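**Student:** The chain contents come next:
2 protein chains.
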Amino acid sequence: MTDNSKLESISDLLRRDVIEMTTEAGSGHPTSCMSCAEVFSVLFFDEMNYDPGDASNPGNDEFVLSKGHSAPIWYASLDRAGAIDEELDSLRKLDSHLQGHPMPISLEWVEEATGSLGQGLSIATGEALAAKKQDRDYHTYTVLGDSEVSEGQVYEALELASYYDLDNLTAVVDVNRLGQRGETIVGHHMNWYRDRFSSFGWNAEVIDGHSVQEIKNAFENSHASDRPTVILAETVKGKGVSLTEGEQGWHGVPLDEGEMQDAFEELPDPEMPEVRIPQPEEQEKPSFQEKKVDMRTYEQGEVLATRDAYGNALADLAEARSEVLAVDGEVSNSTRSEYIKEDNPDQFVESFIAEQNMISMAQGLSIKGYEVFTSTFSAFISRAHDQIRMAALSEAEITVVGSHAGVSIGQDGASQMGLSDIALFRALRESRVMYPCDGNSARKMVENAHKSGNMDYIRTTRPETEVIYGPEEEFPIGEFKKVEEPEDTDVVLAGAGITVHEALEAREMLEREGVQAAIVDIYCVKPFNSYNFRRFVESNSGKLVVSEDHYPEGGIGEMLGKELEESNIEMRTLAVDKIPHSGGKQELLENCGVDRKAIKKQALNLVEDS
Amino acid sequence: MTDNSKLESISDLLRRDVIEMTTEAGSGHPTSCMSCAEVFSVLFFDEMNYDPGDASNPGNDEFVLSKGHSAPIWYASLDRAGAIDEELDSLRKLDSHLQGHPMPISLEWVEEATGSLGQGLSIATGEALAAKKQDRDYHTYTVLGDSEVSEGQVYEALELASYYDLDNLTAVVDVNRLGQRGETIVGHHMNWYRDRFSSFGWNAEVIDGHSVQEIKNAFENSHASDRPTVILAETVKGKGVSLTEGEQGWHGVPLDEGEMQDAFEELPDPEMPEVRIPQPEEQEKPSFQEKKVDMRTYEQGEVLATRDAYGNALADLAEARSEVLAVDGEVSNSTRSEYIKEDNPDQFVESFIAEQNMISMAQGLSIKGYEVFTSTFSAFISRAHDQIRMAALSEAEITVVGSHAGVSIGQDGASQMGLSDIALFRALRESRVMYPCDGNSARKMVENAHKSGNMDYIRTTRPETEVIYGPEEEFPIGEFKKVEEPEDTDVVLAGAGITVHEALEAREMLEREGVQAAIVDIYCVKPFNSYNFRRFVESNSGKLVVSEDHYPEGGIGEMLGKELEESNIEMRTLAVDKIPHSGGKQELLENCGVDRKAIKKQALNLVEDS
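Protein chains in written order, with this note's numbering: chain A, 1 to 610; chain B, 1 to 610.
Because the hints were derived from the structure by calculation, they are not lab data.
Treat the numbers as computed from the prediction; the structure is a model and nothing was measured.
Fair warning: there could be bad hints in the mix.
Covered stretches of chain A (chain B as the covering partner; in silico rule of three or more C-beta atoms under 8 Å from a C-beta of chain B) [said to hold, decoys possible]:
1) 290-303
2) 545-558
Cut-off 30 Å, straight-line C-alpha distance, at most; resulting in silico cross-link-like pairs (BS3-like, lysine-lysine) [said to hold, decoys possible]:
3) B:K578 - A:K481
4) B:K93 - A:K93
5) B:K216 - B:K291
6) B:K451 - A:K601
7) A:K585 - B:K451
8) A:K578 - B:K481
9) B:K132 - B:K93
10) A:K578 - B:K93
11) A:K578 - B:K451
12) A:K93 - B:K601
Cβ coordinates follow ideal geometry from the N, Cα and C atoms, glycine included.
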């Protein structure tokens, strides 16, 4: 236990640090740090067990800063703990590791990008759930702001953490009453917060957030409780400096040089006390079982949906690799991720209808060593796009699987159809987008995603399709498949997923009219080897018809258009360019102009033009 | 008041209807309808005031079906009320108005597409808030499923509806215990729900959802309460048929022909009773004040941020048009939507940090006649992409304004930078994407968005830029601006927003090297007049350098690449192709390769190649 007086001294020093850092940077959020100085002091110098010399020590407790704009006080705490050796006054500069909001690419202690609010509790939930599943005893902490408690994702996480009985999870809410432009809805009605958090089955501790003793007591109560705990810390924004204390208009505003000097007159300036940070118990990294992977394969001519092949491959991979985890949003019987449950129910996490929490929780699980495949309808993944965006900025390694892509789902109608998912996943840095058209390629996409180190997206299809590849076929990332390659090609037909099969039908129709079509399967939409593709099309007629079960914007056609911008290939794209209706699969493909007939017509136009 | 016995008869008939409709369609969700048959019977034949002969009667109470998969029982209720004249057994067919999930394009009574869960309460909140603001006395009702209560957006709406004291809003949760693949987290613990909803300041009524009397009483209590009310109706999924009643495995599964016949043996088959549906009081449509619009203009050479010009234009428009409403996510001092508050505080709605609810609530307000401009950082709009997707499927007329676009925001870092927003907004049907580069064009974009009938997106920039257009300049939708048009053009430089100014600087640098560059401003990214653009570039060197403060995928370069796919224009695109860092504006533009130097270099490459 660290003396209260020492912890109070550290709070003073942290306040001085964050003021100096942000004044030097000329921007940043000092007052949002000053409200939680005592919380950080107790957390980093008394409560958390961690080895300041080793960010990757498996025994370290986990910390997530949900209110990412308070990054300076995290950096300052790490600095004073001797965990980092950075120039604090380099904050927010281009060559600094101390970015404006936390970024894992810059600092080893930061494991998740935060700064889009309301996401940290979900990530922490994933980390705490990992500890339960791995039977490890690190504790997970997260600090939230009060403004972000308006984000719905917070309640998704509250429900899940409660459902999974995560008594190893402690959230602190820095209730400083003031948001960016004024007072929060709840203000300092601490009992309103208490009622809310309690109603989700959490242990709620309301305290004075500037009393180190009350903070210590609350953490003690947290460890004694068999529920996840929230510490509702009543605080004052800008605490410690009369100019800013409890005043509006100071969100995201640094003090100027003169104001800083005045503040330093007011703030105590003690020596940094000697503190012994509680060391973690020695722990091993989680070890996972590894057996030979033996995945089901399919014979050419068999018929099955790629979502079924996905479910099979996931189950087979999980059987051999115990770090594989399926996380699904209450639709596992549709996405087929439920197949994993048959032999390995422990490798399935039900996340219910709460896609935002699902993605961030998956990210938390992946940080703790799991290889997560997380799935729902491709349409509903857009619900969590901000979380996916932040996970990509974190360079998280998770695989997202979107089923029920495109109009080919049929009768359920437009709200259930993923028609912009390719655009959304392409527009992330370092993402990879895979779109299998048959059982064997779907299996191979799961292999590609396994231990890829990337954020991967696999798009699957609801209706059954014929297996067109042999069991041994390889599907390297970045490449494409020549499905049909006649000797004298008049036109190249490119498709992906369901439209590969439409293109194959179009090919037969064209052949009956004396036109020879090559067929290309764009099974990997991103990255894409445009050099090989361009060479292939140029040496096979130079004419290209692309069809996709997706909106035109950001889809396969636009990707190819960009990749081929320096070529002279004549290209035409067919995509879904209307709001689709309910209807049968085949009639919808036709109605939306991406079916065999439309492909044939466009191909004939191209061929006859020349 | 309609007799209980009549209402019970109608419940029986509705159950028969939905079974028949879904069996005929071969798909759909009969059991999710059967659990709320009594709720629909009381709502549509006793509780709600509406004119079955006139869906657009301004006195009608409002109804939102949040659990969109229960569409068949809504259709059946409207049919039995004489409000629609459709073939019920056409459900889910391509030529039917009765789509699988509710779609406004098909049926006048449907005002919002639902089927992505957890959104209806927010839309209803917007409609109820509109009634308060317009001092009108229609009541707003919505029916939710219990599975969707896991969606965080529900809590965002609970908080807002409570904050705005919406006692004219009644939500019914059909707590039938069973989700798609199993039991919900809460199951039938009705008091858990009661605690949760109460903790947000709602009046919560727990009832037997199959007792028409209890349903009636709950609605009566709802009207007596000065709080928004939730009726927590304990129900049984598949109620009324022994095969399905309370049984798992029946979600989204229709009965087959034989099962339907067996069900019909069990279900009573009364005559449709005569019912007098409570008629609405005569009400006028909301009338809004209309004055001459007088917007602030700027002189060439002035310097201001487009977000400031946006705020000014919004305030000026609101002064003249009382139907204009700003809805902002707690960042109005950054987006500048707060300028509206100065003279017209009633035309501002604070929606706090809850972007999902913000978008759906904005949609609800727009349904009731408001012209809504809803704003937050462009990065955070992605938080609500599913809601935007559904609003677009509803053909909602709202304008979304994203500030702080691109790396030019500077020090705050990647999490705060909108770098995929253009891709996201392009990939919607009927959307329009506008991106002004100076004060006068920003003002004109607000004029363009005014009464446009579309979902519009306006992207604004944080730093100040020079006004390059005169006050009288017009900016028609779909067109582009020739900013500089030298006599002998060596290369065309196209930019948008901040990169127009980088292109202008590049032009001067090129001129010093004897290279003449034309400058084009892509102020309207979607729709885009490719014919005029192509003609312009082709007749001005045929060489094009595009730079954008956005990721490459789905951005302006890909859009142009697609539009120009049939041309021989040599085109090179500069876009942000890495995870950006914190830093200064200009150094980040340079670091990410979209600044004047990069443009100049690429232009020289193109010119020298030829």
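**Student:** Hint by hint, which ones does this structure get wrong, listed from lowest number up?
**Tutor:** 1, 4, 5, 6, 7, 9
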